[in-house]
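Protein chains in written order, with numbering that gives the first Met the number 0: chain A, 0 to 230; chain B, 0 to 342; chain C, 0 to 286.
Be aware that a few hints might be false.
Chain B side only, calculated, beta carbon under 7 Å to chain C, not exhaustive [unchecked claim]: (1) Ile73; (2) Leu124; (3) Gly126; (4) His127; (5) Ile139; (6) Ile160; (7) Ala294; (8) Leu296; (9) Leu298; (10) Gly302; (11) Ala304; (12) Leu305; (13) Leu312; (14) Pro322.
From chain A, some residues computed to sit far from chain C (all C-beta separations above 12 Å) [as the list claims (entries may be wrong)]: (15) Tyr10; (16) Lys44; (17) Glu70; (18) Gln175.
By construction, these hints were calculated from the structure, which means they are not laboratory data. For each residue, glycine too, the CB sits at the ideal point set by N, CA and C.
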Amino acid sequence: MLRVSDLSVDYSGAVALSEASLEVNDGEVVGVIGNNGAGKTTLLKAISGTVARRGEIEMDNKVISGLPAHEIPAHGIGHVPEGRRLFPYLSVEDNLALGAYSQTQAHSDDFERVYALFPRLKERRRQQAGTLSGGEQQMAAIARALMLRPKLLMLDEPSLGLAPVIVDQIYNTIAQLGKSGFTILLAEQNVAECLEVSSRAYVLQTGSIIRSGPSQELQKSDAIRQAFLGI
Amino acid sequence: MAGASEVAGDERTVERGRPWRRQELWPWAAFMVVFGLMPVLYSAPYQHNIAVLICLTALMATGWNLLGGFTGQISLGHALFFGVGAYTVTVGELRIGLNPWLGMLLGAAIAVAVSMIVGLPVFRLRGHYFSIATIAVGEIAFLIFLNWQFVGAAGGLSIPIKEDSLLELQFSGQHKWEYYYLAAGLLLLALVATQLILKSRTGYYLAAIREDQEAAASVGIPVARYKQIALSFSAATVAIAGAFFAQYVLFVDPVSVLELAISIQITIAAVLGGVKSMWGPVIGAAVLLSLTETARLYLGGTGEALNLVAYGLLVMLIAAFEPNGLIGLAQRFRRPRNTRGQR
Amino acid sequence: MEVFAQTIVSGLLLGAVLGLIAVGLTLIFGVVDIVNFAHGEFLMVGMYIAFFAWRLWGVDPLFSIPLAALGVGILGVISYLTFVRHAMRGTLLSQIFVTFGLLIFLRGLAQALFSSNFRGVQGSILGDVGLSVGGVSVPGPQLAAAVGSLIATSAIGWFVWRTRMGKALMATSQDREAAAMLGINPHRMFALAWFIGGIATGVAAALIVSYQPVHPNSGIAYGLPAFMIVALGGFGSIGGALAAAFLVGLIENIAGFYLPTEYKELWIFVLFLIVVIARPQGLLGRR
């Protein structure tokens with residue numbers, strides 16, 4: 000579904016991502032793990048066009064690497080950015096409605112679908128998004144991306160800054176989405192959780208993909224365990 | 000151009016000041032030649048008037064630019080300091096018979112004092128807020144002087160005409176060359192002072208503040224103090240220009256020295272020429288006033304309006320496409336194409 | 000007491016009109032991050048449109064509101080597409096001076112085309128109409144301007160908070176990048192903000208021209224207070240701008256009555272400085 004070849008990003012001279020290549024197939028949950036500053040966020044932003052990039056990105060065999068950010072969602076890529084990035088002064092419902100902006104028409108049953116997934120959001124739908132708790136904001140951000148009916152859902156650090164209980168909840172939902180057939184690209188510092196829900200994963204270090212493989216194998220790898228799991 | 004990396008790279012030389020490079024000397028030579036010969040080139044009396052105004056505008060813009068261009072604090076209320084200088088000379092002469100040269104110095108001193116009162120609150124603001132606050136400060140001064148009887152209110156004040164003398168800074172000759180050389184001398188002084196500041200440690204601090212105030216503060220630069228230093232220098236320079244202007248036209252009123260239009264005029268000359276170079280304001284003032292004069296001369300009243308159209312367009316073009324002004328434009332032609340694009 | 004009531008009424012009438020102008024300005028700033036220093040000149044252009052509609056075709060300013068609105072709206076879009084778009088990527092200096100250049104340009108153009116003369120609409124429909132309630136007189140044109148401004152402001156509020164496109168506009172003002180990730184084209188939103196900001200100003204212009212003459216510099220009288228109002232209310236805050244506009248209208252009238260009248264405009268700037276220094280994000284600002 001998604002094929003990325005030799006993707007590079009420079010931030011005013013400094014290399015943030017260097018010739019990264021990866022692939023995400025239909026129905027897969029693929030992880031991208033790495034430390035803070037390894038280039039995970041840059042990788043996802045390069046795919047969704049919010050940073051200037053070199054290299055080729057193909058989505059369903061269409062080259063999308065030359066497109067500006069706002070034309071990417073129409074190709075079925077939903078990006079849940081790092082830090083959730085809700086519109087804080089719009090209501091939860093307006094945030095969700097804007098998620099479907101690139102659709103020619105919003106589907107009313109989509110609201111029901113995401114509210115079924117996150118019942119809390121239905122209770123809070125009239126509230127300003129900025130007043131939600133961190134966990135609720137993460138749910139709303141995922142819900143907003145789901146409103147797009149994405150073929151590929153990209154999640155950037157969904158566990159960042161959340162209490163462990165909430166992290167579990169979010170990951171249950173991600174696992175549930177994966178089982179129901181969603182294709183997901185998940186960037187995480189929380190390596191344990193990420194390898195748990197993904198089938199394959201790529202390891203990023205200082206802007207380069209240094210390793211990839213089935214998540215179960217990576218979980219067993221001593222190098223990975225030492226580098227990320229502190230064992 | 001003078002980014003943070005350059006600041007860091009030259010750190011060793013900071014203590015002893017930056018050494019002079021040969022290519023930095025030729026603008027001085029060019030300045031001396033052009034400004035020295037200006038009265039010879041322009042012999043008609045109306046051209047002398049323009050030459051004097053070019054010097055004064057360049058002087059104001061040079062003062063503004065240390066704060067606006069080199070420190071990145073875009074003030075839109077500098078007419079305040081122009082007015083302070085102009086009114087100090089006039090009121091001093093009228094009320095206590097103060098010598099105009101002393102009045103000029105006193106005006107600069109008062110401007111520095113005023114800049115400290117003003118700087119304290121407005122420097123707490125950043126970006127657009129700072130600029131709009133400076134407009135408010137300028138307007139407050141304008142409205143106060145417009146209604147203050149002691150300084151002549153809306154009617155303004157006239158400086159009594161005296162015998163020609165350097166001491167009294169009055170010359171009745173139509174050619175105005177005395178005024179011209181004095182104004183050019185003041186401009187030269189301001190340029191030398193600016194150069195010395197830019198070459199000193201202060202210059203680096205100001206550049207660091209322009210690039211990133213937080214970063215500057217985090218490496219221990221006393222940001223508030225250095226912003227105030229830039230403002231004080233700026234205020235004093237503009238006040239001197241104001242004092243000279245009042246003495247030159249022998250009349251002062253709020254509309255001619257304190258209006259928002261004056262603040263804009265001060266900044267536009269710098270922006271037009273290029274704020275990243277100390278020569279930008281000089282070139283900007285020369286182009287701006289020559290343009291104005293030519294339009295007025297050949298087109299009369301409509302010329303004044305068309306001149307506004309032209310230089311409004313020029314300012315928009317520069318803001319949108321060449322932020323380094325006419326100097327940036329010139330460099331664009333001089334440099335090979337592929338080395339451009341450092342913003 | 001009657002006099003006091005009169006100053007209150009006059010203050011509210013002025014506040015409503017200033018509110019519409021400031022809402023246009025704050026909307027542009029909120030979305031595009033640029034202060035339109037030529038906003039007063041936009042108003043001047045709108046006033047000329049309405050004036051000439053009356054002069055050439057005998058159309059009362061009240062009926063040329065759509066024309067003035069559209070004209071200034073288009074002016075806003077053109078300003079964005081030609082210069083502002085490029086200056087946005089530049090430094091703060093570019094962002095400030097691009098609209099300063101526009102201000103000078105528009106003033107010069109008006110002066111070249113129409114001379115510096117004052118031009119006023121005579122015998123407008125509302126010219127002689129007026130209310131008088133318990134000694135408080137309310138002139139018709141000013142009342143119509145206030146009511147018209149409130150209607151237009153409400154319409155803008157409805158647009159930005161209730162329609163899909165308006166919500167996309169607000170989303171862009173709150174987080175440009177996140178909005179783009181949802182497929183919202185930022186450039187279209189920027190142009191839209193300039194269009195709506197222009198429309199608001201054009202409506203105000205046609206309303207004002209029934210009772211105030213126009214000349215090349217007539218924008219400044221409304222432009223300057225509008226900058227103060229927008230900063231007072233908090234840049235980008237529509238509600239804040241509206242509240243601050245009424246505050247400014249009231250203060251100008253009350254101060255003009257109880258304190259020396261020649262200083263009546265002074266207090267707005269003083270109030271502005273006190274507020275922004277105590278609370279740099281403005282009265283209702285969020286940033």
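Verification of the hints:
1. Ile73: Nearest chain C Cβ about 6 Å off; hint holds.
2. Leu124: holds, 6 Å
3. Gly126: holds, 6 Å
4. His127: holds, 5 Å
5. Ile139: Given a least distance of 5 Å, the restraint on Ile139 of chain B holds.
6. Ile160: With a minimum Cβ separation of about 31 Å from chain C (threshold 7 Å), the hint on Ile160 of chain B is violated.
7. Ala294: Interface hint status for Ala294 of chain B: violated (10 Å vs cutoff 7 Å).
8. Leu296: violated, 16 Å
9. Leu298: Check failed: Cβ of Leu298 of chain B comes no nearer than 10 Å to chain C, outside 7 Å.
10. Gly302: Cβ of Gly302 of chain B sits 9 Å from chain C, so the hint is violated.
11. Ala304: At 4 Å from the nearest chain C Cβ, Ala304 of chain B passes the 7 Å test, so the hint holds.
12. Leu305: Nearest chain C Cβ about 5 Å off; hint holds.
13. Leu312: Nearest chain C Cβ about 6 Å off; hint holds.
14. Pro322: holds, 5 Å
15. Tyr10: Answer for Tyr10 of chain A: holds, closest chain C Cβ roughly 15 Å.
16. Lys44: violated, 9 Å
17. Glu70: Glu70 of chain A not clear of chain C: closest Cβ-Cβ about 7 Å, inside 12 Å.
18. Gln175: With a cut-off of 12 Å, Gln175 of chain A remains clear of chain C, as the shortest Cβ separation is near 23 Å.
Hint violations for this structure: numbers 6, 7, 8, 9, 10, 16 and 17, all remaining hints satisfied.
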